[in-house]
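Asker: The lines below spell out each chain.
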Amino acid sequence: MRFQRRTVSEPLSLKLVSAIDIVFLLLIFFLLSFRIRAEEGDFPVNLPMSQCFIQPGPDGAIHVFLASHPDGRLKSLHLGERDLGDQVPDCFERLNQEIAAIVGQGAFTDELHAEIHTDEELAYRHVVKAISACRGTVLHGRPIAYLEDVRLVPSP
Amino acid sequence: MKIKHSKAAVAEADMTPMIDMTFQLIAFFMIVSNFEQTQADERVKLPADQLARPPLAPREKEVVLNIGFLRNDKGVKLNPDAFVFYGDETIRVQDYRPRLAREFEILKRQAGEEKARETTVTIRADGDVPTGQIQELIKMGQEVGFLKFALKAKAGEDEG
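Chains as they are written, first to last, in the working numbering: chain A, 5 to 160; chain B, 26 to 185.
Since the hints were made in silico from the structure, they are not lab data. Even glycine gets a Cβ: it sits at the ideal position worked out from N, Cα and C. A couple of the hints might just be wrong.
With a Cα cut of at most 20 Å, we get these calculated SDA-like pairs of lysine to any residue [stated by the list, open to error]:
| id | chain 1 | residue 1 | chain 2 | residue 2 |
| --- | --- | --- | --- | --- |
| 1 | B | 173 | A | 117 |
| 2 | B | 173 | A | 153 |
| 3 | A | 19 | B | 35 |
| 4 | A | 19 | A | 29 |
| 5 | B | 70 | A | 19 |
| 6 | B | 70 | A | 29 |
| 7 | B | 86 | A | 88 |
| 8 | B | 70 | A | 93 |
| 9 | B | 173 | A | 125 |
| 10 | B | 164 | A | 121 |
| 11 | B | 86 | B | 157 |
| 12 | A | 79 | B | 153 |
| 13 | B | 164 | A | 79 |
| 14 | A | 19 | B | 45 |
| 15 | A | 19 | B | 44 |
| 16 | B | 173 | B | 160 |
| 17 | B | 173 | B | 35 |
| 18 | A | 19 | B | 39 |
Chain B is faced by these chain A residues, among others (derived, beta-carbon under 8 Å) [what the hints assert, rightly or not]:
| id | residue |
| --- | --- |
| 19 | 25 |
| 20 | 69 |
| 21 | 116 |
| 22 | 142 |
The following residues of chain A were derived to be distant from chain B, with all beta-carbon distances above 12 Å [unchecked claim]:
| id | residue |
| --- | --- |
| 23 | 46 |
| 24 | 64 |
| 25 | 76 |
| 26 | 82 |
| 27 | 84 |
| 28 | 85 |
| 29 | 87 |
| 30 | 88 |
| 31 | 90 |
| 32 | 93 |
| 33 | 98 |
| 34 | 101 |
| 35 | 106 |
| 36 | 140 |
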């Protein structure tokens, strides 16, 4: 009987070319879709209907008034009757300190809420600052909450 | 004379470290890519605030409204009016009510009226937009049936 001579077997290798192609395509996709963006956060706000302005809210409302120049700049910031000025960001820092003092005094902080009255022309960034000043502060990197309930009320 | 025929060796580069690195790059981009902000519009320049923190749990359903100005490459406003950016469309705030009503109707059909009412309307507005326009939009939202609203801000402090 004649045996066929064994042929020298070639080393077994996986065809990685297509896998590497896919990997590179994935890499290109992620590279192109990558955007460096700042983290975004929310301010949940309670927004009463316009008639709520006519009937003032229950006791415990802290009224913040923001007046505007026609071009949207802040004209004045009042906490109740008290004028806190118009210098941004100092006036908002003052508001924050005043709110901290009010919250620090009272035992009924759950009943407290802020009502922010704004002029229509006022730039939105000032409203965000006012909401933030009412809601709390950041101390040593940790947020401290003052008022959870902040309402936005349009000026009549 | 006998000439020896040696088999020519195939030169092969070792690809293993390169593939390792590529996989590490892919893993990095997969982790840092944010697929949640797909509804965010790049044209909106959000105001920044240190208290703005992302919600602890992502919302199940939300309607995101991007409000801003049409600006040129240098950031100068081309039109003094604010617009709602809806994909490629730009719609004036006062004309947005039918769209909002349609969004509410779709949500109502998908999940029922109660769920639709509980859906948060997230407002991503440019820092220069007059507050009256945002209030107008919120009022429209309330009139069509939405109850919850949230205002977006960028985490951190304003530059300049």
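Asker: Against the structure, test the hints numbered earlier, and report the numbers of the ones violated in rising order.
Answerer: 5, 6, 7, 9, 11, 13, 17, 19, 20, 21, 23, 25, 32 and 36
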